[in-house]
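*Asks:* As they're listed, the protein sequences go chains A and B. Per numbering that gives the first Met the number 0, residue 0 is the first one in the first sequence, and the count goes up by one each step. Per numbering that gives the first Met the number 0, residue 0 is the first one in the second sequence, and the count goes up by one each step.
One should not assume that every hint holds.
What the hints assert, rightly or not - Cut-off 27 Å, straight-line C-alpha distance, at most; resulting in silico cross-link-like pairs (DSS-like, lysine-lysine):
#1 92(A) to 577(A)
#2 33(A) to 156(A)
#3 452(A) to 424(A)
#4 92(A) to 424(A)
#5 592(A) to 535(A)
#6 505(A) to 14(B)
#7 14(B) to 3(A)
#8 503(A) to 493(A)
#9 130(A) to 593(A)
#10 482(A) to 493(A)
#11 14(B) to 501(A)
#12 431(A) to 14(B)
Treat the hints as calculated values from the structure; they're not laboratory data.
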Amino acid sequence: MSHKVTVRKFDAVIVGAGGAGLRAAIQLSEAGLKTAVLTKVFPTRSHTVAAQGGVAASLGNSEEDHWHWHMYDTVKGSDWLGDQDAIEFMCRKANECVIELEHYGMPFDRLDNGRIYQRPFGGHMSNFGEKPVRRSCAAADRTGHAMLHAMYQRNVKVNTQFFVEWMALDLIRDAEGEVLGVTAMEMETGEIHAFHAKATIFATGGAGRIYYSSTNAFINTGDGVGIAARAGIPLEDMEFWQFHPTGVAGAGVLITEGVRGEGGILRNSAGERFMERYAPNAKDLASRDVVSRAMVTEINEGRGCGPNRDFVLLDITHLPPETIMKRLPGIHEIALQFAGVDALKEPIPVVPTCHYQMGGIPTNYLGQVVVPGKRSQNEIVPGFYAAGECACASVHGANRLGTNSLLDLLVFGKSAGETAVEQLKNSPKAHKPLPEDAFAATLARLNRLDTQKGGANVHETRLEMQRTMQKHAGVFRFADLLKDGVQKILAVQKDVQRTEIKDKSKVFNTARIEALELDNLIEVAVATMVSAEARKESRGAHVRDDAPDTPEHPNGRDDTNWLKHTLWYKDGNRLDYKSVTLRPMSVETIALKKRAY
Amino acid sequence: MNEPMTETGRVRTEKLRWHSRRALLELDLVLQRFWQRQPDILGERQAAQLERLLALEDHDLWDLLSGRCASDDPTVQDMVALLRQPAGN
Numbered sequence: 000m001s002h003k004v005t006v007r008k009f010d011a012v013i014v015g016a017g018g019a020g021l022r023a024a025i026q027l028s029e030a031g032l033k034t035a036v037l038t039k040v041f042p043t044r045s046h047t048v049a050a051q052g053g054v055a056a057s058l059g060n061s062e063e064d065h066w067h068w069h070m071y072d073t074v075k076g077s078d079w080l081g082d083q084d085a086i087e088f089m090c091r092k093a094n095e096c097v098i099e100l101e102h103y104g105m106p107f108d109r110l111d112n113g114r115i116y117q118r119p120f121g122g123h124m125s126n127f128g129e130k131p132v133r134r135s136c137a138a139a140d141r142t143g144h145a146m147l148h149a150m151y152q153r154n155v156k157v158n159t160q161f162f163v164e165w166m167a168l169d170l171i172r173d174a175e176g177e178v179l180g181v182t183a184m185e186m187e188t189g190e191i192h193a194f195h196a197k198a199t200i201f202a203t204g205g206a207g208r209i210y211y212s213s214t215n216a217f218i219n220t221g222d223g224v225g226i227a228a229r230a231g232i233p234l235e236d237m238e239f240w241q242f243h244p245t246g247v248a249g250a251g252v253l254i255t256e257g258v259r260g261e262g263g264i265l266r267n268s269a270g271e272r273f274m275e276r277y278a279p280n281a282k283d284l285a286s287r288d289v290v291s292r293a294m295v296t297e298i299n300e301g302r303g304c305g306p307n308r309d310f311v312l313l314d315i316t317h318l319p320p321e322t323i324m325k326r327l328p329g330i331h332e333i334a335l336q337f338a339g340v341d342a343l344k345e346p347i348p349v350v351p352t353c354h355y356q357m358g359g360i361p362t363n364y365l366g367q368v369v370v371p372g373k374r375s376q377n378e379i380v381p382g383f384y385a386a387g388e389c390a391c392a393s394v395h396g397a398n399r400l401g402t403n404s405l406l407d408l409l410v411f412g413k414s415a416g417e418t419a420v421e422q423l424k425n426s427p428k429a430h431k432p433l434p435e436d437a438f439a440a441t442l443a444r445l446n447r448l449d450t451q452k453g454g455a456n457v458h459e460t461r462l463e464m465q466r467t468m469q470k471h472a473g474v475f476r477f478a479d480l481l482k483d484g485v486q487k488i489l490a491v492q493k494d495v496q497r498t499e500i501k502d503k504s505k506v507f508n509t510a511r512i513e514a515l516e517l518d519n520l521i522e523v524a525v526a527t528m529v530s531a532e533a534r535k536e537s538r539g540a541h542v543r544d545d546a547p548d549t550p551e552h553p554n555g556r557d558d559t560n561w562l563k564h565t566l567w568y569k570d571g572n573r574l575d576y577k578s579v580t581l582r583p584m585s586v587e588t589i590a591l592k593k594r595a596y
Numbered sequence: 000m001n002e003p004m005t006e007t008g009r010v011r012t013e014k015l016r017w018h019s020r021r022a023l024l025e026l027d028l029v030l031q032r033f034w035q036r037q038p039d040i041l042g043e044r045q046a047a048q049l050e051r052l053l054a055l056e057d058h059d060l061w062d063l064l065s066g067r068c069a070s071d072d073p074t075v076q077d078m079v080a081l082l083r084q085p086a087g088n
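Sequences are here, hints too, so could you generate the full structure?
*Replies:* Have a look at this one:
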């Protein structure tokens, strides 16, 4: 199949229509710029919908609060890997962004006095870690969903042009490295277009589907992250992934912590309540990381359940059925639907499950993509911006606090849009010409896929990648498994380079889309495995068996050698590092100390 | 019974297959199971029912498919029942 490429010109092109993409688009369209948003699915079906917890902002509507306290919590949560300038920026901008959203029509829960209702959330404290504070603003349990609706409507009002069911394929860069847009495929026709733009903003979300067990929807294939890596942009801190201890084995659907709160017990293949050995006091109610590590240890030491001994059991059969149906109403249905078990009679198979990507495309707090260059470690890539889960600003560092993800996408979506508007004001009227080989990488990739014979099956290759990531770079990491994992994931990468699809049709060819998504996922998977193998300490969500808690290295963290950001380059599969920004914008540095709650 | 494979039917089915990619993992999984059981071209009635369901917001669709609430649209109830069948049934 040969492809003709149609070129379309815009001032700005945004890839992704979740929270970050929609927020950036508002900024650009309101400034009167001709703005295109490409999205694989209808905007209000982006994965932002799944965010329930709320958005953090120190509005202080119910009790005293301050952005500086929020900043302290975020730095501490990040295990000091977050950049303190970006964190200060985000926490200071939070109130403004939430109030803007309120003005867009977001139906926040309210207090009797009409102000936005705020609730407490894990890790958010008042007065520099003293006691929990009510900081999360929510719209019932549909915060993400309501947010997308409010922002989509605002975009309609300001004439943003949406290209729904379009998949971005590759970045267009010229010889100077400037980004001039993207190539993309219209799913309905299979036709290839180039979006020639003065500003290109990636807001494509995370790549949680690199893991076998993931809470992420199927659309979360890290498209922007993979595209950036192929275009020579390094990926930052990809070893840091947040896991939830209890996802349904083989499915990933979350079983809320409330189940253990109501008396649910974790058991191994011998039926033993193994948490008694790992956390004699808290037992099954120990913190997420302790429970996850205990589960993985049981599985790795051969006490897992099932034919492959690769999960443990969450048992609620001893609880009265009335309690289960009254207090945990959704759990019975989830267990039935996704584990095929009646939770009243049988335990539910569970495994630690990937939830959120902390790393991504490196940016500064203005949303500009930055890479090491001759003059500095953060040189701006002209014309290129990123925001939300696909980007690494870096505000989450080694571990994200709940409700900071919705804040991240609002603040940095807006910031990327604002910066692009400023840049475009000063740029020449005419678009910089596209290089002669602007579409070469895309056409070569499509041609390879269309003509591949005797190649690898997409579904099987993706599964192999996911199983490799789960086993070798899961929630609890081991030096030998990581080392083997690097070799294994590089072997999977070779298969990805020779995937074959049987269906060569053009219209809504999901087989082709899935093959192209796998091209993106594998970049993230390799970056994760290589970065994780190299980081020889434990920090935040990256916990290694060979870097335990010692007096010299509390929690296994080694600030002398590892207080630095990882940068993984696809070219040569090589690693580089850059320093963490410890100096905030206006306040004193939040000094290093052991992260303890 | 499925209709014979026509280009229009094939495209409609492929479009529905893509529209089964949702914001919530729960829906992705339920719909994936449906497509694994039903890999051919959908008949007119099934396609129309699925189109109506897939036009719903994700949380509303999950409320239906998890049995938390029932649809007042009698024309989609067969499809809801089909989608709610757990694995192995």
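*Asks:* Does each hint fit the structure? Answer for all of them.
*Replies:* For each hint, the structure was consulted:
1. 92(A) to 577(A): 26 Å, holds
2. 33(A) to 156(A): 14 Å, holds
3. 452(A) to 424(A): 50 Å, violated
4. 92(A) to 424(A): Since the Cα atoms of residue 92(A) and residue 424(A) sit roughly 23 Å apart, the hinted pair holds (cutoff 27 Å).
5. 592(A) to 535(A): 19 Å, holds
6. 505(A) to 14(B): Measuring from Cα to Cα gives roughly 12 Å; hence the hint holds.
7. 14(B) to 3(A): 23 Å, holds
8. 503(A) to 493(A): 22 Å, holds
9. 130(A) to 593(A): Roughly 18 Å between the alpha carbons, so the hint for residue 130(A) and residue 593(A) holds.
10. 482(A) to 493(A): 18 Å, holds
11. 14(B) to 501(A): Given pair residue 14(B), residue 501(A) holds - Cα atoms ~18 Å apart, limit 27 Å.
12. 431(A) to 14(B): Outside the cut-off at roughly 37 Å; violated.
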